[in-house]
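Those protein sequences? They're chains A and B, same order as listed.
Under the working numbering, think of the first position of the first sequence as 1, with each following residue one higher.
Under the working numbering, think of the first position of the second sequence as 1, with each following residue one higher.
It cannot be assumed that every hint is accurate.
Each pair of labels, with its calculated beta carbon distance range [unchecked claim]:
hint : chain 1 : residue 1 : chain 2 : residue 2 : range
1    : A       : THR20     : B       : LYS79     : 38 to 44 Å
2    : B       : GLY29     : A       : ARG67     : 27 to 33 Å
3    : A       : ARG55     : B       : SER52     : 33 to 39 Å
What the simulated footprint calls covered on chain A by chain B, stretch by stretch (three residues with Cβ under 8 Å from a Cβ of chain B suffice, anywhere in the stretch; the number is not a length) [to be verified]:
hint : stretch
4    : 70-82
5    : 101-108
Read the hints as simulated data drawn from the structure, not as lab findings.
Bear in mind the structure is a predicted one, so any value in this text is a computation, not a measurement.
Even for Gly, the Cβ is constructed at its ideal location relative to N, Cα and C.
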Amino acid sequence: KAGVTQTPRYLIKTRGQQVTLSCSPISGHRSVSWYQQTPGQGLQFLFEYFSETQRNKGNFPGRFSGRQFSNSRSEMNVSTLELGDSALYLCASSLDSQGTEAFFGQGTRLTVV
Amino acid sequence: EDQVTQSPEALRLQEGESSSLNCSYTVSGLRGLFWYRQDPGKGPEFLFTLYSAGEEKEKERLKATLTKKESFLHITAPKPEDSATYLCAVVTGNQFYFGTGTSLTVIP
């Protein structure tokens with residue numbers, strides 16, 4: 001059974017640019033959540049998508065957005081990148097809701113220079 | 001305000017020296033508590049889910065327990081390969097709240 005796949009694994013961008021990260025959940029899972037992980041703040045919830053609809057959103061600025069496609073694959077977009085956006089971005093998939101086990105991908109390491 | 005606190009922040013154990021990690025929480029409407037293990041540069045790996053006070057789960061050298069205010073992850077006779085950061089998370093409503101983790105180092 002394939003796990004959660006995130007692409008790319010590593011990314012270097014310049015301040016002001018925008019970036020799109022991709023997440024393919026476990027087959028059959030309909031919920032995809034995104035997290036930002038930094039050494040100082042730990043794991044912080046960005047948003048959750050379920051059946052192509054954003055169901056929950058964390059306390060991040062509008063520069064952070066996402067979407068989910070009919071095959072449950074999800075993308076996250078960050079516009080006007082800032083140095084502070086450098087982090088490990090993790091995607092997690094769940095069967096249906098966030099009350100069930102979430103399985104994480106390996107993450108995308110984003111460095112903003 | 002919903003909050004999850006893990007202690008200690010870091011723990012060094014000799015191989016075979018058993019200990020416990022703590023996750024305390026103050027949330028309304030707990031739907032579940034999760035334990036994850038995270039190795040450097042990798043995503044968290046799911047370990048356990050606990051749903052109600054009194055519940056216990058075991059896997060190899062790990063045992064997780066849950067009360068109304070906290071959860072413990074007991075590590076019995078740890079080995080160097082158990083070295084990792086252990087994260088707990090609670091689900092309330094539809095959101096996960098993660099603690100900042102306990103970094104465990106097991107010395108041979």
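Hints, one by one, checked against the model:
Look at THR20 of chain A against LYS79 of chain B: about 41 Å separates their beta carbons, and that is inside 38 to 44 Å. At about 28 Å, the CB distance of GLY29 of chain B to ARG67 of chain A agrees with the hint of 27 to 33 Å. A hinted range of 33 to 39 Å for the beta carbons of ARG55 of chain A and SER52 of chain B is inconsistent with their spacing of about 24 Å. Proximity of the stretch 70-82 of chain A to chain B, defined as three or more residues with a beta carbon under 8 Å from a beta carbon of that chain, is not established by the 0 residues found.
Counting residues of the stretch 101-108 of chain A whose CB lies closer than 8 Å to any CB of chain B gives 7, so the stated coverage by that chain holds, three being the minimum.
Hint compliance for this structure: hints 3 and 4 are broken, all remaining hints hold.
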